[in-house]
Amino acid sequence: MKNDNINNKKLKKKDSTAYLQRNRKKVEEGGTISVMFSGVGGQGIILASTVLARAATVQGYDIKVSEVHGMAQRGGSVVGSVRFGRKVYSPIIDKADVIMALEKLESIRYLDLLKPDGFLFINDYELVPVSVYIGDKEYPAGIIEKIAGVTSGFALIKATEAAVELGEIRASNMVLMGSLSKFLPIKLKSWKKALDDLIPKRVLELNKNAFEKGREIIK
Amino acid sequence: MKNTKEKRLLTGNEAIARGAYEAGVKVATAYPGTPSTEILENVAKYPEIYSQWSVNEKVALEVASGASIAGVRTLVAMKHVGLNVAADPFMTMSYTGVTGGLVLIVADDPQLHSSQNEQDTRFYARFARVPMMEPSDSQEAKDYIGQALDISEEYDTPVIVRSTTRISHSRSLVAIGHRKEIPIKEYQKNCQKYVMIPAFGRIRHKVVLERWENLKKLSSDSSLNSVYNGNGSNKNTGIITSGVLFQYTMEVFPDIDILKLGMTSPIPEDIIREFARGKDIIIVIEELEPYLEEKLLSMDLGSRIMGKSLFPPYGELSPGFLRKVSPQINGKKEDTPDGPGQNVSRISQAQEGLPMRPPVLCAGCPHRPAFHVIKKLRLKVMGDIGCYTLSVLPPLNSLDSCLCMGAGVGQALGMEKADPALKGKVVSVIGDSTFFHSGMTPLVDNLYNKGTGVIIILDNRITAMTGHQVHPGVGMTLMGEETVTVNPEDIARGAGVENVEVVDPYDMKAFEDVLRKHLKIESLSVIVARQRCVLLDRRKPSANEVYIDQDKCEKCGLCIKFGCPAIELKDDTYSISSLQCSGCGVCAGICRKDAIICKSSS
Chain B
8 MKNDNINNKK LKKKDSTAYL QRNRKKVEEG GTISVMFSGV GGQGIILAST VLARAATVQG
68 YDIKVSEVHG MAQRGGSVVG SVRFGRKVYS PIIDKADVIM ALEKLESIRY LDLLKPDGFL
128 FINDYELVPV SVYIGDKEYP AGIIEKIAGV TSGFALIKAT EAAVELGEIR ASNMVLMGSL
188 SKFLPIKLKS WKKALDDLIP KRVLELNKNA FEKGREIIK
Chain Z
616 MKNTKEKRLL TGNEAIARGA YEAGVKVATA YPGTPSTEIL ENVAKYPEIY SQWSVNEKVA
676 LEVASGASIA GVRTLVAMKH VGLNVAADPF MTMSYTGVTG GLVLIVADDP QLHSSQNEQD
736 TRFYARFARV PMMEPSDSQE AKDYIGQALD ISEEYDTPVI VRSTTRISHS RSLVAIGHRK
796 EIPIKEYQKN CQKYVMIPAF GRIRHKVVLE RWENLKKLSS DSSLNSVYNG NGSNKNTGII
856 TSGVLFQYTM EVFPDIDILK LGMTSPIPED IIREFARGKD IIIVIEELEP YLEEKLLSMD
916 LGSRIMGKSL FPPYGELSPG FLRKVSPQIN GKKEDTPDGP GQNVSRISQA QEGLPMRPPV
976 LCAGCPHRPA FHVIKKLRLK VMGDIGCYTL SVLPPLNSLD SCLCMGAGVG QALGMEKADP
1036 ALKGKVVSVI GDSTFFHSGM TPLVDNLYNK GTGVIIILDN RITAMTGHQV HPGVGMTLMG
1096 EETVTVNPED IARGAGVENV EVVDPYDMKA FEDVLRKHLK IESLSVIVAR QRCVLLDRRK
1156 PSANEVYIDQ DKCEKCGLCI KFGCPAIELK DDTYSISSLQ CSGCGVCAGI CRKDAIICKS
1216 SS
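Respectively, the protein sequence lines represent chains B and Z.
According to the working numbering, the first sequence holds residues 8 to 226 in order.
According to the working numbering, the second sequence holds residues 616 to 1217 in order.
Because the hints were derived from the structure by calculation, they are not lab data.
Take these hints with a grain of salt, some might be off.
What the hints assert, rightly or not - Not the full set, but computed from the structure, chain Z residues with beta-carbon under 10 Å of chain B: (1) Val842; (2) Leu925; (3) Val1007; (4) Pro1010; (5) Glu1183.
Beta carbons are placed, not taken as given, at the ideal position from N, Cα and C, and that holds for glycine.
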């Protein structure tokens, strides 16, 4: 099948390290890291951004989070963002250093908001909008190819597949968070504290495993 | 009042609620409305504060007014258009003033993320001659509540704290403080202050005007308004801004002197004059109307004023927008955070023709079958605000009007009176919460003025669109107490409507029969289409299993056009997603080949 190279692309360790170093330098120099989340209502975007926000706060950063309320229940596009650094002013993002997209269409939809040296995590998962069923538009083909034509800073992660293997499709967001965590200057123990603080006890183990799996995907 | 060392990451709305708690508020009222809804939801968590949903913003403000007259600090919250509903008590409350402090939180919605207009609340403050504060982050959103209440009591005036979506729904760190308990001011009759007959009103108006002069001095001296000196060398340019725009300005123009206004009514002339001295250009960064800009232009400052020539009077601003106009402000080339080499054209090509993902009615929503029937009967539909407003979108395409809360019921009467040929062809639709908000009055208007139409009350037993708040039809208060359940059909019958019927919209055949019957009747009818919002029971396992029998399916596509998000088409196969399906079984009635099977799970 064509596109095997792109679909099974695993980041080499040196790639993630380069991004991590760049991001660490940025906050040390007083800059702000902007992380954007996108997906469809119900995929746990608000929880993902809350976990990142807590981890960054535990680490001691100043932080601003923006949320879009109300579209989650009604199947609409959901976008959120977390900005952290020594001192953060704007709560909304201009361009993002990292985008975490829980669904493929919602990854290319915000491609113009990614900085040229930014990184885009894409969950290998498609949710067809109702507008496609009732209209004459189609779910776009070749999304990954189109993204590859613009930037090499992306990874297609089979987060939903990994989550289903762990027994809960809704943990896809935590798998992606694990992958994303390798790119951000936030210590693992801050992430662990955030998960402990925010995830209900009965699903804490599951979410921790999902997070760990996401970290393993990035070598 | 000092804050402790504890910091929490709060949304602006959560911070406002905390501010009410810390400032000794005892009574809080509101009606849900994006982006203000979470304010009362969070205030209600403090047992020290009596919190209630009122049926609408006018009553909310009146209840709060009563509490203030009885001597306690009160808070009222609403969205921008909610102030239109509350404008009657609000405008005259400027004359009567307060006893216990009263702070009115109004949350604007630039960009209309979720509203029918993007009106600019700031003019209301000038209109009523009351003070107004605009927080620029969650810490200020909290701190300004106590300060607003202090000003309210000292100057005998309601005070507006104005938020916008990006303040209400963004999170930032807030230092937490302790609650101040304020003793009740014992009630004392004062009819010259509180009874606005013309004789007293004339006296109070003069009080308002004198108060305004004192408030101007307050505003000019206030530490809420302060200058941030830029780290650049260009001292000939200055920026004046407020609210969240201050944050965008600090991000994009750290090199330019900024006058940050925390108190924007009265607009502090003295501070502005001093800031503008020696500056050739003053840039006013504000969203929507040139509220600040027009004031500056009237002040004859000597500097060139730029505002709406750079920023549009519609939509919200952003750091990106500020960056785009930066060459006109600091003369530098557009300072993009991306650097060169952004493949702008390749990106736009990649993003061409992406299907939209607008909000849709949920799988199992009872509005869907109701509007499916209404569409089948080719009716004109005068509606209003709620989840059912989404029926305007494809595939239902079944709404002709949405103006404001409750509007459809009166509009349908107007259409019938204008053109009798429309009788029997127009219906009005209104939700349950909206009915209590502003549907009862036009119902009586229809009855009294001999309307012959059909009013359809879509009763899904909750205020749904704003995130499931209770209302008089639910039998539970905001603070979780059981109470009377008010039924819309009882209101209609009690008023004297003869043709009132309650029907379940999931039963499309029954709904169609009832609707057809009442359309023919030559006097007013009220149909209550009652079925619970499907999200209320989403944690319960579905009563039914619904699937498509592939042997019977002829792939005609009729079910897909019904628009339920649980019905999917993949590789030429029609199926129902068990993950999304709610088990309502309505779609089984759509299929002409009986290929959709609805089986009881038990």
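Next on the checklist: Tell me if the interface restraint on Leu925 (chain Z) is satisfied: Cβ within less than 10 Å of some Cβ in chain B.
Outcome noted: 17 Å, violated
Checklist entry - Does the CB of Val842 (chain Z) sit less than 10 Å away from some CB of chain B? => result 17 Å, violated
Checklist entry - Per the CB criterion, is Glu1183 (chain Z) less than 10 Å away from chain B? => result Holds, because the Cβ-Cβ distance from Glu1183 (chain Z) to chain B comes to roughly 7 Å (cut-off 10 Å).
Checklist entry - Does the CB of Pro1010 (chain Z) sit less than 10 Å away from some CB of chain B? => result Hint holds; Pro1010 (chain Z) Cβ to chain B Cβ min 4 Å, cut 10 Å.
Next on the checklist: Please check whether Val1007 (chain Z) passes as an interface residue: C-beta within 10 Å of a C-beta belonging to chain B.
Outcome noted: With a closest approach of 14 Å, the Val1007 (chain Z) hint is violated.
Consistency with the previously given hints fails for numbers 1, 2 and 3, ordered from lowest to highest.
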